[in-house]
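K.L.:
From first to last, the protein sequence lines stand for chains A and B.
Number 236 in the working numbering belongs to position 155 of the first sequence; there are no gaps in the numbering.
Number 403 in the working numbering belongs to position 322 of the second sequence; there are no gaps in the numbering.
The reader is advised that the hints may include incorrect statements.
The list cannot tell twin chains apart, which means a pair is met if one copy fits it or any two copies do.
Claimed, not checked - Computed cross-link-like contacts, DSS-like style, restricted to lysine-lysine with a CA-CA straight-line distance of at most 27 Å:
| no. | residue 1 | residue 2 |
| --- | --- | --- |
| 1 | 172 | 378 |
| 2 | 531 | 254 |
| 3 | 228 | 152 |
| 4 | 278 | 172 |
| 5 | 113 | 477 |
| 6 | 109 | 376 |
| 7 | 146 | 477 |
| 8 | 502 | 146 |
| 9 | 94 | 228 |
| 10 | 503 | 87 |
| 11 | 391 | 91 |
| 12 | 502 | 113 |
| 13 | 152 | 113 |
| 14 | 477 | 379 |
| 15 | 94 | 146 |
| 16 | 376 | 168 |
| 17 | 391 | 413 |
| 18 | 503 | 146 |
| 19 | 502 | 159 |
| 20 | 159 | 87 |
| 21 | 94 | 172 |
| 22 | 531 | 109 |
| 23 | 113 | 503 |
| 24 | 152 | 254 |
| 25 | 413 | 392 |
Simulated from the structure, these hints should not be mistaken for laboratory data.
Number of protein chains: 2
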Amino acid sequence: MSENLKGYKKDAKKFLIEHNLKLWDIIKVETKTTTYEGILLPRYEYSKAGFIEIKLENNYNVGIKVDDITKIEKIGEKEAKYKIPEKDFPKTKGFPEITLLGTGGTVASRLDYTTGAVIPAFSPGELFSAVPELADICNLETEIVFKIFSENMQATHWQQLAHQIETLANSGKDGIIIPHGTDTMGYTSAALSFMLKDLSIPVVVVGSQRSSDRPSSDAAMNLINAATVATSDIAEVTLVMLGSSSHDYGLIHRGTLVRKLHTSYRHTFRTIDDIPMGMVQNRTIRMFTDNYHKKDKKKRETTALTDFEKKIGFIYFYPGLTSEMIHYYIDKGYKGLLLAGTGLGHVATRIYDAIERAIEEDILVLMTSQTLFGFVGMNVYSTGRELLDMGVLPGKNMMPEVGYVKLGWVLGQTDNLEDAKKLLMTNIAGEFLDREIPIAFNYDIDRLLKDNLI
Amino acid sequence: MSENLKGYKKDAKKFLIEHNLKLWDIIKVETKTTTYEGILLPRYEYSKAGFIEIKLENNYNVGIKVDDITKIEKIGEKEAKYKIPEKDFPKTKGFPEITLLGTGGTVASRLDYTTGAVIPAFSPGELFSAVPELADICNLETEIVFKIFSENMQATHWQQLAHQIETLANSGKDGIIIPHGTDTMGYTSAALSFMLKDLSIPVVVVGSQRSSDRPSSDAAMNLINAATVATSDIAEVTLVMLGSSSHDYGLIHRGTLVRKLHTSYRHTFRTIDDIPMGMVQNRTIRMFTDNYHKKDKKKRETTALTDFEKKIGFIYFYPGLTSEMIHYYIDKGYKGLLLAGTGLGHVATRIYDAIERAIEEDILVLMTSQTLFGFVGMNVYSTGRELLDMGVLPGKNMMPEVGYVKLGWVLGQTDNLEDAKKLLMTNIAGEFLDREIPIAFNYDIDRLLKDNLI
Chain A
82 MSENLKGYKK DAKKFLIEHN LKLWDIIKVE TKTTTYEGIL LPRYEYSKAG FIEIKLENNY
142 NVGIKVDDIT KIEKIGEKEA KYKIPEKDFP KTKGFPEITL LGTGGTVASR LDYTTGAVIP
202 AFSPGELFSA VPELADICNL ETEIVFKIFS ENMQATHWQQ LAHQIETLAN SGKDGIIIPH
262 GTDTMGYTSA ALSFMLKDLS IPVVVVGSQR SSDRPSSDAA MNLINAATVA TSDIAEVTLV
322 MLGSSSHDYG LIHRGTLVRK LHTSYRHTFR TIDDIPMGMV QNRTIRMFTD NYHKKDKKKR
382 ETTALTDFEK KIGFIYFYPG LTSEMIHYYI DKGYKGLLLA GTGLGHVATR IYDAIERAIE
442 EDILVLMTSQ TLFGFVGMNV YSTGRELLDM GVLPGKNMMP EVGYVKLGWV LGQTDNLEDA
502 KKLLMTNIAG EFLDREIPIA FNYDIDRLLK DNLI
Chain B
82 MSENLKGYKK DAKKFLIEHN LKLWDIIKVE TKTTTYEGIL LPRYEYSKAG FIEIKLENNY
142 NVGIKVDDIT KIEKIGEKEA KYKIPEKDFP KTKGFPEITL LGTGGTVASR LDYTTGAVIP
202 AFSPGELFSA VPELADICNL ETEIVFKIFS ENMQATHWQQ LAHQIETLAN SGKDGIIIPH
262 GTDTMGYTSA ALSFMLKDLS IPVVVVGSQR SSDRPSSDAA MNLINAATVA TSDIAEVTLV
322 MLGSSSHDYG LIHRGTLVRK LHTSYRHTFR TIDDIPMGMV QNRTIRMFTD NYHKKDKKKR
382 ETTALTDFEK KIGFIYFYPG LTSEMIHYYI DKGYKGLLLA GTGLGHVATR IYDAIERAIE
442 EDILVLMTSQ TLFGFVGMNV YSTGRELLDM GVLPGKNMMP EVGYVKLGWV LGQTDNLEDA
502 KKLLMTNIAG EFLDREIPIA FNYDIDRLLK DNLI
């Protein structure tokens with residue numbers, strides 16, 4: 082029985098056992114206010130205790146507090162199908178060898194299920210069964226590196242991925258696909274960009290905004306696009322997701338310039354301050370730029386430089402912010418402070434004292450802007466110049482998230498403050514742009530294409 | 082002499098006196114590394130001591146540390162012009178009576194100067210001299226409410242403005258213009274939207290991204306557009322700034338839906354999740370919606386509800402965030418926590434304990450998304466549902482900044498937790514949208530107009 086109550090703990094488990102219920106049972110649940118009918122689902126590892134989860138007929142899942150249940154009964158049974166249908170992934174001689182590294186993201190965990198299950202399962206055979214086009218693109222292997230929600234991703238996870246990629250790249254693999262929850266995908270693509278020195282093969286981070294049980298799912302198309310990029314000559318960390326609401330093509334974003342900009346749309350990811358590197362459609366790549374590292378004939382040696390300083394404070398400026406938060410970070414031994422300032426890179430003068438103290442205590446302070454788009458310009462107003470004079474470093478066009486990741490990575494690489502400053506101001510992985518690109522603000526790729534602007 | 086060294090303090094002042102220099106002198110300054118030539122400028126009140134500021138020939142200002150100066154000499158003199166040229170503002174009978182409330186923003190402080198001065202000066206006569214079109218639109222009066230950089234704006238400033246607007250609206254004025262630094266303009270427009278109950282006249286927040294001494298300045302056009310909207314029937318708080326790079330028209334943004342999205346471009350402001358309320362071009366307004374409060378024939382009574390709880394923590398989630406920051410806010414007696422979560426409204430499970438503690442201690446916790454665009458959707462994943470179960474309130478489509486302002490305002494209005502929750506979930510000033518509007522994501526107004534989509 083306990084096998085059949087995957088993810089349930091304590092009270093909820095006891096409750097289900099008492100009522101003789103098992104996963105995939107169709108049940109009717111009554112609370113004081115509502116009656117639900119649906120399929121009893123397994124739960125994720127991190128799910129909160131005290132709830133049961135069912136899939137309603139409209140395909141949405143709902144969690145119901147056990148304490149609120151006034152009546153529960155089994156009204157049917159769904160055929161228990163614990164395995165995604167699996168066919169042998171056909172290997173073709175001479176095809177690129179691609180490895181898919183599982184992290185627990187939506188693509189990986191929901192590729193094909195008929196019972197409403199959220200079991201993360203994605204052997205090559207399962208993937209082939211769900212997305213047979215993959216076999217026309219590459220020979221696929223899969224490895225589960227870890228299995229978490231992307232909001233739980235931390236530096237240790239980036240490190241695990243980077244080490245695994247280093248091994249695979251140097252052992253002859255042709256490309257890597259990393260299915261990843263979309264929430265923190267931009268953080269991960271930035272972290273891997275900094276950590277993978279002399280990367281010799283494509284590393285493609287991909288996700289989906291609609292799980293594959295929904296008709297509008299972008300999972301299969303994103304995976305096909307990612308596989309296409311993973312077999313290309315783009316030896317960089319990229320993020321590949323749908324590029325427009327029309328579900329037509331994917332965009333190839335540089336790992337250090339990309340961000341999730343919409344909670345739910347499928348074309349939620351955008352390259353910020355630049356146009357994307359290229360697009361991918363019907364398994365064909367069209368690059369918008371030639372400015373990227375191409376695979377060398379003689380592969381260079383990939384090195385994972387993964388040390389990361391975790392004590393980085395991310396300070397998002399707002400009108401109620403006081404010095405005390407910054408003093409708190411200093412008192413707690415933080416090594417770096419990322420400021421997401423206003424406009425060209427400003428914060429209120431009332432927190433200058435704390436910033437000065439941080440710098441006096443050899444904490445690295447980096448300024449970015451909460452506008453997201455544009456370069457900080459700390460020479461324009463006297464307040465910006467004063468921060469520069471104190472020793473605040475200008476983050477140029479880096480988004481706050483990218484600045485945070487870079488700051489942690491830089492302080493992991495060296496204990497010497499001057500070396501760290503120099504490294505922070507060095508373009509490591511395309512995070513610094515040479516100039517403003519006006520068409521990159523509010524771009525609409527459909528339109529830029531139509532107008533021959535890219 | 083001291084009159085002529087406005088803004089200079091201590092060492093810098095002493096240094097200038099010793100070298101017999103005064104404001105508007107053309108000087109040559111040498112440091113170990115560089116030589117500068119330019120006009121010696123007055124300094125702002127909050128400028129850091131120990132620097133002199135000069136305007137270079139390319140019109141940029143530069144601050145030079147007095148300690149770094151190896152040589153300084155006067156090489157010429159600019160005619161000292163302490164007053165912006167001033168003509169009487171012609172009043173026309175029957176024209177709308179508009180009051181301009183000065184805050185220290187760029188439009189106000191830089192409207193016209195020939196010497197490189199940054200003196201905030203904007204009497205009606207000066208404004209007329211700089212932007213004569215204003216006299217064709219309205220009869221203008223001006224009042225300085227305060228004079229600060231917008232990054233120093235706090236709740237007390239919003240309160241001062243709201244009280245002044247209440248008085249003016251109820252004493253028969255037809256509209257208000259608030260020139261404001263662009264950095265925190267969106268915070269102010271949101272705060273005034275919540276604070277001004279039953280607003281009877283237009284309140285238009287406006288700024289400029291290029292000071293008026295530069296050929297590309299947007300100051301005059303934005304001011305004309307703002308005056309046009311201030312004399313309209315839109316009895317709401319709006320923000321009016323240029324709408325496209327083509328310098329053609331202004332957009333009218335609802336005060337609770339607008340954000341600065343680019344550090345330097347003139348069309349930096351965007352309505353998020355919706356199309357703007359309308360546009361203004363050649364002193365003509367074109368509304369894209371009819372859904373706004375129109376001036377009543379019999380004016381309603383405007384009430385300023387300005388109480389604001391300052392102890393609101395703004396927690397921008399990032400992969401290195403730990404529980405301790407949240408515990409710190411709780412320990413410090415904070416009353417509300419604004420979460421800028423990832424994606425549909427998530428944070429790492431490792432901080433759940435702190436969020437639970439906050440809620441147990443009757444702290445109001447509001448979830449928004451750092452994607453900026455889109456609604457939070459906390460029913461989609463189990464992690465979102467768990468946060469809802471704990472008592473985290475979903476901020477719908479509100480941006481983090483707007484959520485912060487609303488949370489502070491709501492907790493200023495009532496001490497009763499249930500009333501506060503109810504008020505937080507009530508649409509007060511157009512901050513909640515009914516639905517997603519697909520064309521509002523990545524919109525390009527030029528294109529929407531061309532395609533007849535608005």
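K.L.:
Sort out which numbered hints this structure fails and list those numbers smallest first.
P.N.:
2, 3, 4, 6, 10, 11, 14, 16, 19, 21, 22 and 24
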